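Peer 1: Once you've looked at the hints, dock chain B against the given chain A.
There are 2 protein chains.
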Amino acid sequence: MEFKLDQAVGILSRTPGTLNHLLRDLPDSWTTRNEGPGTWSAFDVLGHLIHGEETDWIPRARIILKHGQSRPFDRFDREAMFEKSKGRSIPDLLDVFESLRENNLKALAEMDLTADKLALRGTHPSLGVVTLEQLMATWAVHDLSHIAQITRVMCRQYDKEVGPWKAFFPILGRE
Amino acid sequence: MEFKLDQAVGILSRTPGTLNHLLRDLPDSWTTRNEGPGTWSAFDVLGHLIHGEETDWIPRARIILKHGQSRPFDRFDREAMFEKSKGRSIPDLLDVFESLRENNLKALAEMDLTADKLALRGTHPSLGVVTLEQLMATWAVHDLSHIAQITRVMCRQYDKEVGPWKAFFPILGRE
Numbered sequence: 001m002e003f004k005l006d007q008a009v010g011i012l013s014r015t016p017g018t019l020n021h022l023l024r025d026l027p028d029s030w031t032t033r034n035e036g037p038g039t040w041s042a043f044d045v046l047g048h049l050i051h052g053e054e055t056d057w058i059p060r061a062r063i064i065l066k067h068g069q070s071r072p073f074d075r076f077d078r079e080a081m082f083e084k085s086k087g088r089s090i091p092d093l094l095d096v097f098e099s100l101r102e103n104n105l106k107a108l109a110e111m112d113l114t115a116d117k118l119a120l121r122g123t124h125p126s127l128g129v130v131t132l133e134q135l136m137a138t139w140a141v142h143d144l145s146h147i148a149q150i151t152r153v154m155c156r157q158y159d160k161e162v163g164p165w166k167a168f169f170p171i172l173g174r175e
Numbered sequence: 176m177e178f179k180l181d182q183a184v185g186i187l188s189r190t191p192g193t194l195n196h197l198l199r200d201l202p203d204s205w206t207t208r209n210e211g212p213g214t215w216s217a218f219d220v221l222g223h224l225i226h227g228e229e230t231d232w233i234p235r236a237r238i239i240l241k242h243g244q245s246r247p248f249d250r251f252d253r254e255a256m257f258e259k260s261k262g263r264s265i266p267d268l269l270d271v272f273e274s275l276r277e278n279n280l281k282a283l284a285e286m287d288l289t290a291d292k293l294a295l296r297g298t299h300p301s302l303g304v305v306t307l308e309q310l311m312a313t314w315a316v317h318d319l320s321h322i323a324q325i326t327r328v329m330c331r332q333y334d335k336e337v338g339p340w341k342a343f344f345p346i347l348g349r350e
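Protein chains in written order, with the working numbering: chain A, 1 to 175; chain B, 176 to 350.
Okay, chain A solo, but in the shape it has when bound:
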């Protein structure tokens, strides 16, 4: 569907509240379990979203606006949260994410991204040439994909508990 900045912001502005509703005060058994070795729990995903707010989306938009294609983005460490989130709690991470997102949406508004600006190009360290519009669309998709991931990971904690109903839920199947 055609990209419109206000529609992307519609997603971005809702994600902290959605995750807050989904995760705050849930028993840890839902939020700290993953899908097996090398996979992420809801707790891990929250830390990953926070690291994105700090180092990915708005910093990259600034690089495009300031340097265009001449200065590639810094690489994004998608597993930084394994260290950074240590000792934190889900409510703490939700608060941090909400606050960072709020500030980043203010920064985004201040950029006043017209169609001309959205067409500007930057250089991704492994993907090559990308546009500012694609960066913004990816930010929204990244949010949605991680809500999908969190709910899938939670689903799978009841993989056996649903008994014969497992046959009706492709999302449970990993064997």
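If you are wondering where the hints come from, they were derived from the structure by calculation, not from laboratory data.
Warning: the hint list may mix true and false statements.
[What the hints assert, rightly or not] Distance condition first, Cα-Cα at most 25 Å in a straight line; then the derived DSS-like pairs of lysine-lysine:
#1 A:106 to A:117
#2 B:281 to B:292
#3 B:179 to B:281
#4 A:117 to B:341
#5 B:261 to A:160
#6 B:179 to A:166
#7 A:117 to B:179
#8 B:335 to A:4
#9 B:341 to A:4
#10 B:292 to A:166
[Said to hold, decoys possible] Beta-carbon label-pair distances, calculated as ranges:
#11 A:75 to B:210: 28 to 38 Å
#12 A:92 to B:262: 36 to 46 Å
#13 A:167 to B:188: 22 to 32 Å
These figures come from a predicted structure and were not determined experimentally.
Every residue, glycine too, gets a C-beta built ideally from N, C-alpha and C.
Peer 2: Here is chain B on its own, set in the frame of chain A:
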């Protein structure tokens, strides 16, 4: 993870608020598009969740408590919403779902489902013997799987808009 009724209720009680945060007042372009012929939009999924509240979870629990295995559940029409939701809006469906869920959680509390009751068996029209505990676990999984579905469907509306980043999002790939 071992089934505990209060943990399942933790999921069930949060879903209306989560969907409300995610979907209320979003532009229709996010909520009415699906993934192609034969697939569901967020609007369709909401209607499906409503039909479940009306005809599936609590009605089936009552059948188990009253008749055990002797009376099979009525079949659940998973596509009933295509007719039932006609002419309704997302905010309307969110309100209906919230209210039905609230009443159903009250009904659930009144059932006072002890371990003995949760072990009771019923007859699913196609899956055969199931327990009340499995029905309750499936109710929670059903919620989570449909939040995962809604966010996946929304993601895919930006399938092309993310440009080269598509390579990083397996959730976008359907070709």
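Peer 1: So which of the earlier hints does this model not fit?
Peer 2: Numbers 5, 7 - these are the hints that the structure violates, sorted from lowest upward.
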